[in-house]
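Visitor: Letter by letter, the chains look like this.
2 protein chains.
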Amino acid sequence: MINSIAAISSLVCIITVCSALSSPINRVMIVGGTHGNEYTGVWCIKSLEMQRKKWESKYPSLQLETILGNPEAHLLNKRFVDTDLNREFVVDKLCAIDESLSRNTINQPRLDTVESIRARELDEILGSKCDENSHEVDVCIDLHSTTSNMGTTIIIPEGDELMAQAAAYVSLKCPGSRCLMHSIPERMHRPNLSSAAKHGFTIEVGPVPVGVLRHDAVENTEAALHAILDFLQRVNKGEDIYGYLQDSFPDGWVPCFRTAPAIRPGEISGKIKWPCDPDNPNFPALMVHKSLQDRDYQLVRKGDPLFVAGDGSVVNYEGSHGEEVYLIFINEAGYYYQSSGTGIGVAVESKFDLEYGMLFDFENVDELTYE
Amino acid sequence: MINSIAAISSLVCIITVCSALSSPINRVMIVGGTHGNEYTGVWCIKSLEMQRKKWESKYPSLQLETILGNPEAHLLNKRFVDTDLNREFVVDKLCAIDESLSRNTINQPRLDTVESIRARELDEILGSKCDENSHEVDVCIDLHSTTSNMGTTIIIPEGDELMAQAAAYVSLKCPGSRCLMHSIPERMHRPNLSSAAKHGFTIEVGPVPVGVLRHDAVENTEAALHAILDFLQRVNKGEDIYGYLQDSFPDGWVPCFRTAPAIRPGEISGKIKWPCDPDNPNFPALMVHKSLQDRDYQLVRKGDPLFVAGDGSVVNYEGSHGEEVYLIFINEAGYYYQSSGTGIGVAVESKFDLEYGMLFDFENVDELTYE
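From first to last, the protein sequence lines are chains A and B.
Counted from 1, the first sequence has number 284 at position 285 by numbering that gives the first Met the number 0; the numbering is strictly sequential.
Counted from 1, the second sequence has number 46 at position 47 by numbering that gives the first Met the number 0; the numbering is strictly sequential.
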C-alpha cells in the first residue's frame with residue numbers, strides 16, 4: 000500500500016516542492032545532557048556557544064539555540080536524579096502531572112520528581128505537548144552518547160517526513176552512520192525529549208563511557224549535527240534536496256533499522272531483559288557475553304551466546320524475538336537502570352520511504368505473499 | 000648502590016629461602032567496588048562467592064575473603080559519595096579522624112564523610128594502621144577498573160618484596176600486563192585502601208566504562224587474580240618461586256613503570272592537570288586530544304597534542320614533566336573528580352629489583368655517569 004502511494008507521490012514531488020520541505024525552519028534547539036552523565040552533548044553545546052558566530056554564519060537561516068537538558072543530573076554526573084528524563088514526555092504523563100500538581104496540598108505527598116518538573120519546563124520551551132497549537136521550536140536535536148558500539152546512529156520517529164529526509168541526508172554525509180526508526184508514529188505518545196518540539200531528531204554516538212569526553216565521539220556527533228543543520232539550511236534556501244535524495248535512493252526507500260515494540264515500562268522499544276542482582280536492582284545478575292560485546296547491528300541467531308552468569312554458565316538466545324535478530328544498545332550503561340528499561344535492545348532491518356518517512360510494511364507484504 | 004646489594008643478595012637467595020617468601024600467607028582479602036561504579040571487581044567477588052568451593056580447592060593454603068569496598072557508593076553507581084575512599088588511608092588522616100570524633104559534640108559539625116567512616120571500618124578489618132602491631136589480613140587484593148586503555152596493570156608500592164615478586168610472577172602469567180610501582184615506600188603514608196593490610200596489591204583493568212560490566216575486563220581481572228593466588232599458594236607450599244623468577248629475570252631486574260611524584264591534594268601520583276569548566280568543577284574545560292586517546296604507556300614528546308579546547312584550539316605538551324614522558328590513566332573517568340585529582344597520570348619507564356622490590360635509581364646512576 001505504502002509502496003504504491005510512494006511511487007505515485009514521488010512523481011508529483013519531482014515537479015513540485017514537497018510540503019514538508021517547503022515550510023521554512025526557523026528555531027532549532029540543540030540539547031546536550033538530557034542524560035546528565037552523557038558528556039559528549041554537553042561539550043558540543045558548550046563548544047557551539049563558544050563558536051556561535053562561526054555556526055551562525057554557516058547556517059544563516061536558522062535560529063540556533065542550545066540548552067542543557069538535565070542540569071541537576073549533570074552536576075551529579077548521573078543519568079538522572081529520580082527518573083529517566085527521556086521517558087517523561089508521553090502526553091498523558093506530562094499533562095496528568097500538571098493536573099495532579101494543582102490538587103496537591105500540604106497533606107498530600109507531591110508526585111513530581113526532578114525529571115517530571117524538568118520535563119514540564121522543557122516542554123514549555125520546546126513546544127508544549129499539552130497545548131497542541133503551540134509549536135515554538137521547529138526542530139529539536141537531542142545529542143546522546145552510549146557505552147555500546149552504536150557508531151553514529153540517527154534516531155527518528157516514524158512518520159515525520161522532514162526528519163526522515165534529514166536522516167537520509169545525514170546518512171549520505173556521514174558514511175557508516177545508521178538510522179534507527181522508532182515505530183511510535185503519534186508524536187504525543189512518544190516519551191523522548193525531542194518529541195516535545197514539532198520535529199525531533201536524536202544523534203546517538205558510541206562507544207563512549209558515561210562521565211567521559213572522547214574527542215572522536217565529539218567529532219562524530221558534530222559531523223552529524225553539521226549534516227542536519229546543512230540539510231535544514233539548504234531546505235530553507237529552497238534547494239532541490241528532495242531531488243538530490245531521490246538520486247541517492249532511486250527506489251525511494253532508505254535503509255534503516257526499526258526498534259521492536261516496547262513491552263515493559265521504561266522501554267522506548269523492545270528489549271531482551273536481564274535479571275537483576277538481589278542486592279542491587281541496577282546491577283545485572285547476568286553479564287553480556289564477550290562474543291556479543293561491541294557487535295551492535297550484527298545478526299544474532301537462536302542458540303548464540305547472550306549472557307554469562309556469576310557461576311560461569313552461559314545463557315543463549317532462545318529466539319524470544321524471532322530466529323534471527325539484530326541487537327542494539329548492547330551493554331548500554333543507561334539500560335542497567337530499571338527506570339530506563341534494563342536489557343539489550345532488539346531491532347529489525349527495515350527501510351522507510353523518502354517521502355512520508357513510513358516504515359516498509361514487511362508483515363503485510365508477507366501476508367499478501369501468503370494469500 | 001641497590002645494584003650491588005641486589006647482586007650479592009640474589010646469590011644468598013639461590014641457596015636459602017628469602018625471608019619474604021618464607022612466611023606463610025594465610026588471610027587474603029579480595030576487595031571489589033572500592034570505587035562504587037567500577038563494576039568489574041564487584042562482579043568478580045560475587046562470582047568468587049558463587050564458586051567458592053572451586054576457588055578454595057584451587058588455593059587450599061589460603062583463607063579467601065571478599066568484601067564490597069564502598070557499598071553505599073556502589074548502590075548509587077558512583078565512584079564515591081563524599082570523598083575518594085582510595086585516598087583515605089594515609090595514617091595521619093585515618094587516625095586524626097578517630098581523635099577528632101571523640102571531641103565532637105552536638106554543637107560541632109562532624110568532620111567525617113561516608114568514606115572516612117568506611118575507611119576506618121575497613122582499616123579495622125584489614126589491619127588497623129593506627130595499631131602498628133595488628134596485621135590481621137596478610138594480602139589485600141583490590142580490584143579496580145579504568146576507562147583508560149591501561150590493559151591489565153598491577154599496581155604495587157615500592158619496597159614490598161613479596162608483592163614485587165608477586166607482580167613479577169603475574170607479569171609472566173598474564174602476557175601483555177604491566178606493573179606500575181608507586182614510590183611511597185612507607186606503608187603508613189600510602190593513601191590507598193590495599194595499604195591497610197600487611198601487603199597490598201591492586202589489579203587495574205581497562206578500558207571499561209564506569210557502571211558497566213565487560214566480560215573481557217572481568218576475564219582479564221580474574222586471570223591476574225588467579226595468577227597472584229597461584230603465586231601465594233606456591234609460596235606457601237615452599238616451592239622455589241624465587242628461582243623460577245630469577246630464571247625469567249636473570250639480571251634480577253623486573254621492567255615496570257613508576258609514577259611521577261604527587262604534587263597536589265588527592266593525587267596518588269603526579270598528573271598533568273586540566274582546567275575545569277566554570278559551571279561544573281568535575282567537567283573538564285579541555286578534552287583529551289584524539290591522538291592521545293587510548294595510547295596509555297606510549298611515549299609523548301614535547302610539542303605533541305594533549306588537549307582540545309571548546310573553541311577548537313589544541314594544547315600541546317610543554318615539557319612540564321620532562322622532554323619525553325609516558326602518560327597513563329589517559330581520560331580515566333575517576334580523574335574528572337577534583338577529590339581524586341584531575342588530569343592525566345605521568346609515568347617513568349623503570350625497573351625494580353626482584354629481591355627488595357626497590358626501584359632502580361636512574362637519577363643517581365645518571366649523576367655517577369656525569370662525574
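Just so you know, the hints here were simulated from the structure itself, not pulled from any lab data.
Treat the hints loosely; a few may be bogus.
You can't tell identical chains apart in this list, so a pair holds if it fits in one copy or across any two.
[To be verified] With a straight-line Cα cutoff of 16 Å, these simulated EDC-like cross-link-like pairs (lysine to aspartate or glutamate) come out: (1) Lys272 / Asp229; (2) Lys53 / Asp310; (3) Lys350 / Asp250; (4) Lys45 / Asp310; (5) Lys52 / Asp310; (6) Lys289 / Glu221; (7) Lys236 / Glu71; (8) Lys289 / Glu218; (9) Lys172 / Asp293; (10) Lys52 / Glu322; (11) Lys289 / Asp215; (12) Lys45 / Asp276.
Visitor: Could you work out which of the previously given hints the structure breaks and list their numbers from low to high?
Guide: 1, 7, 9, 10
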